[in-house]
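We have chain B; now place chain V onto it with these hints.
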Amino acid sequence: MNRHFFQLLTLFILLVFFQKFVIDKLSLGTYISLEVYLMFILLLPFKYSTIKSMLWAFALGLTIDLCSFGVLGLHTIPLVGLAYLRPQLLKMVSATNNIESIQAPSIKTLDFRPLLTYITLSAFGFLTILFCLDNFSFHNLSQLFLRILLSTIVTTLFIVVIQYAFIGLRQNKKA
Amino acid sequence: MNHLFSYLSGIRVLVVFIVLEIIAIVLFAGNSYYQQSTILKNIHVVWGTVVRPVHSLTQYFSLGAVNRQLAEENNRLRNELEYLRGSVDTTIATVVYDKEHRPVYSYIPAEIIDNSVNKQQNYILLNAGSEQGVKPEMGVITEQGVVGIVTDVSQHYAFVKSILNTEWKFNVRLNSVGDFGPMQWDGINYTKSILSDIPQHSNVVKGDTVVTSGYSRIFPQGIPIGVVDTAVVKRGNFYEIKVNLFIDMRKIQYVSIVNSIYRNELDSLKILER
Numbered sequence: 001m002n003r004h005f006f007q008l009l010t011l012f013i014l015l016v017f018f019q020k021f022v023i024d025k026l027s028l029g030t031y032i033s034l035e036v037y038l039m040f041i042l043l044l045p046f047k048y049s050t051i052k053s054m055l056w057a058f059a060l061g062l063t064i065d066l067c068s069f070g071v072l073g074l075h076t077i078p079l080v081g082l083a084y085l086r087p088q089l090l091k092m093v094s095a096t097n098n099i100e101s102i103q104a105p106s107i108k109t110l111d112f113r114p115l116l117t118y119i120t121l122s123a124f125g126f127l128t129i130l131f132c133l134d135n136f137s138f139h140n141l142s143q144l145f146l147r148i149l150l151s152t153i154v155t156t157l158f159i160v161v162i163q164y165a166f167i168g169l170r171q172n173k174k175a
Numbered sequence: 001m002n003h004l005f006s007y008l009s010g011i012r013v014l015v016v017f018i019v020l021e022i023i024a025i026v027l028f029a030g031n032s033y034y035q036q037s038t039i040l041k042n043i044h045v046v047w048g049t050v051v052r053p054v055h056s057l058t059q060y061f062s063l064g065a066v067n068r069q070l071a072e073e074n075n076r077l078r079n080e081l082e083y084l085r086g087s088v089d090t091t092i093a094t095v096v097y098d099k100e101h102r103p104v105y106s107y108i109p110a111e112i113i114d115n116s117v118n119k120q121q122n123y124i125l126l127n128a129g130s131e132q133g134v135k136p137e138m139g140v141i142t143e144q145g146v147v148g149i150v151t152d153v154s155q156h157y158a159f160v161k162s163i164l165n166t167e168w169k170f171n172v173r174l175n176s177v178g179d180f181g182p183m184q185w186d187g188i189n190y191t192k193s194i195l196s197d198i199p200q201h202s203n204v205v206k207g208d209t210v211v212t213s214g215y216s217r218i219f220p221q222g223i224p225i226g227v228v229d230t231a232v233v234k235r236g237n238f239y240e241i242k243v244n245l246f247i248d249m250r251k252i253q254y255v256s257i258v259n260s261i262y263r264n265e266l267d268s269l270k271i272l273e274r
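Chain order of the listed sequences is B and V. So the first sequence is numbered by the numbering used here: it starts at 1 and just counts up by one. So the second sequence is numbered by the numbering used here: it starts at 1 and just counts up by one.
Hints in this document: simulated from the structure, not taken from any laboratory. Small disclaimer: the values here were computed from a predicted structure and weren't measured. Just so you know, not all the hints are guaranteed correct.
Only part of the chain V face toward chain B is listed, based on derived beta-carbon distances under 10 angstroms [stated by the list, open to error]:
id: 1; residue: S9
id: 2; residue: F17
id: 3; residue: I23
id: 4; residue: I25
id: 5; residue: V26
id: 6; residue: F28
id: 7; residue: T58
id: 8; residue: V117
id: 9; residue: K119
To give an idea of the chain V side of the interface with chain B (calculated C-beta under 10 angstroms), a few residues [to be verified]:
id: 10; residue: E21
id: 11; residue: V51
id: 12; residue: N118
id: 13; residue: Q120
id: 14; residue: Q121
id: 15; residue: L164
id: 16; residue: W168
id: 17; residue: D186
id: 18; residue: I188
id: 19; residue: Y190
C-beta: ideal position from N, C-alpha, C; glycine also.
Chain B on its own, in the form it takes in the complex:
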């Protein structure tokens, strides 16, 4: 149990509370859902062990499932899948290999376009599985597609904006 673990745990709790008490109260309509906690898995360090990140994803998914009561496993299935595929996604977008193990994917360590690709692909994959499980049928296909599309755009934008707001700010302070 080191410092990094507690940092992650704090972020974990903050994100769950933020999702539940701020985002979910916004009522963005049936088509848009903003899944902020996705950030937790996406922004784990580059070389973070896949097994550990899958365990985090499992815990996160289950917590969200329990908080948004209803179906257990709904958020867990796509989150664990995302954590499993994350190294491949990162390998795809970051061409160079000279990245330090403690660094996390952010606007500091990745260019804008690879970062955007990484977040968009992850959000799209995650939300597709999430909404398919939520629907659990193939009628209303157009509605399903619209939900996936709009939610992917909103979630991606939000995560990117957060990146600029926090990391951009910190860099300004240092300068």
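Same frame as chain B, now just chain V:
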């Protein structure tokens, strides 16, 4: 040797992945709603205690709207009282009282402490439970119409399947024509719901009020739910009617749980019928 190590660690990742996904899928699909809800029941108690302080804080922001709502309700009740005073003995006997003038329904007040509208299967958490006399399968209503049906009860909390849940239907009636059919949310818009199985020959008009039928005894009959928006013929000779709901599920806070006093008796009769 290095190759072997990397191969083995790759396998280990895959195994952990498969194990975690299997657990998640078993949780997701392996059990019926009923079984899952008994697990969830205990968690609701914990979650309820977490949500409560936050809720009591955010409650202040909506006090204005609640006051207005209460004033409107007072006004309406006063009007109704006046009306009933004039027509006692004749009209009310069939609606609220039985032959010996005992009430058929009683109401348990409750407050919503958690609510969702942006999923396909939406649920609500109420702060009344078995201690207040709440039981599963009781209806939940407000001034503006039907809210949902209780599916699970712990000592101090009740878990309600919302009207915005694509897996729940209940019986409603078109007020002016009298035809009835099931109403079920289509998962698209939280202000609209779908009424189906109304025969094509019935005279459906835009703006007609949709009310509860009262057949199931979950809700008293005649509670207004919404008005007819559009009606199209689908699947042969039945109308599919889009209904504008009176209720705004994002804003409700206080609800009444319907306790049907003769429910058990009626249910046992239905069993005999079969």
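Right, here's what the structure says about each hint:
1. A least Cβ separation of about 9 angstroms between V/S9 and chain B falls short of the 10 angstroms threshold, and the interface hint therefore holds.
2. Against a cut-off of 10 angstroms between C-beta atoms, the interface hint on V/F17 holds, since the closest Cβ of chain B lies about 4 angstroms away.
3. Taking 10 angstroms as the C-beta contact cut-off toward chain B, the hint placing V/I23 at the interface holds, the least distance being around 8 angstroms.
4. Checking V/I25 against chain B: minimum C-beta separation of about 6 angstroms stays under 10 angstroms; hint holds.
5. Look at V/V26: its Cβ gets to within about 8 angstroms of chain B, closer than 10 angstroms, so that hint holds up.
6. The restraint placing V/F28 at the interface with chain B holds, with a minimum CB-CB distance near 3 angstroms, inside the 10 angstroms limit.
7. Satisfaction of the interface hint for V/T58 is found here, the shortest Cβ-Cβ separation to chain B being roughly 8 angstroms, below the 10 angstroms cut-off.
8. Hint status for V/V117: holds, given a least beta-carbon distance of 6 angstroms to chain B, under 10 angstroms.
9. Below 10 angstroms, beta-carbon pairs count as interface contacts, and V/K119 has one with chain B at about 6 angstroms; its hint therefore holds.
10. With a cut of 10 angstroms, the hint placing V/E21 at the interface with chain B holds, because the nearest CB-to-CB distance is about 6 angstroms.
11. Against a cut-off of 10 angstroms between C-beta atoms, the interface hint on V/V51 holds, since the closest Cβ of chain B lies about 8 angstroms away.
12. For V/N118, the suggested interface contact is upheld, since its CB lies about 5 angstroms from the closest CB of chain B, less than 10 angstroms.
13. Residue-level restraint check for V/Q120 holds (minimum Cβ-Cβ distance to chain B is 5 angstroms; threshold 10 angstroms).
14. The beta carbon of V/Q121 is positioned within 10 angstroms of a beta carbon in chain B (closest approach about 6 angstroms), and the interface hint is therefore held.
15. Because the closest C-beta pair between V/L164 and chain B is about 9 angstroms apart, less than 10 angstroms, the hint holds.
16. At a threshold of 10 angstroms, the smallest CB-CB gap from V/W168 to chain B is about 13 angstroms, leaving the interface hint violated.
17. Proximity of V/D186 to chain B holds as hinted, the smallest CB-CB distance being about 7 angstroms (cut-off 10 angstroms).
18. Because the beta carbon of V/I188 sits about 6 angstroms from the nearest beta carbon in chain B, less than 10 angstroms, this interface hint is met.
19. Here the hint on V/Y190 is kept, as its CB sits about 6 angstroms from the closest CB of chain B, short of 10 angstroms.
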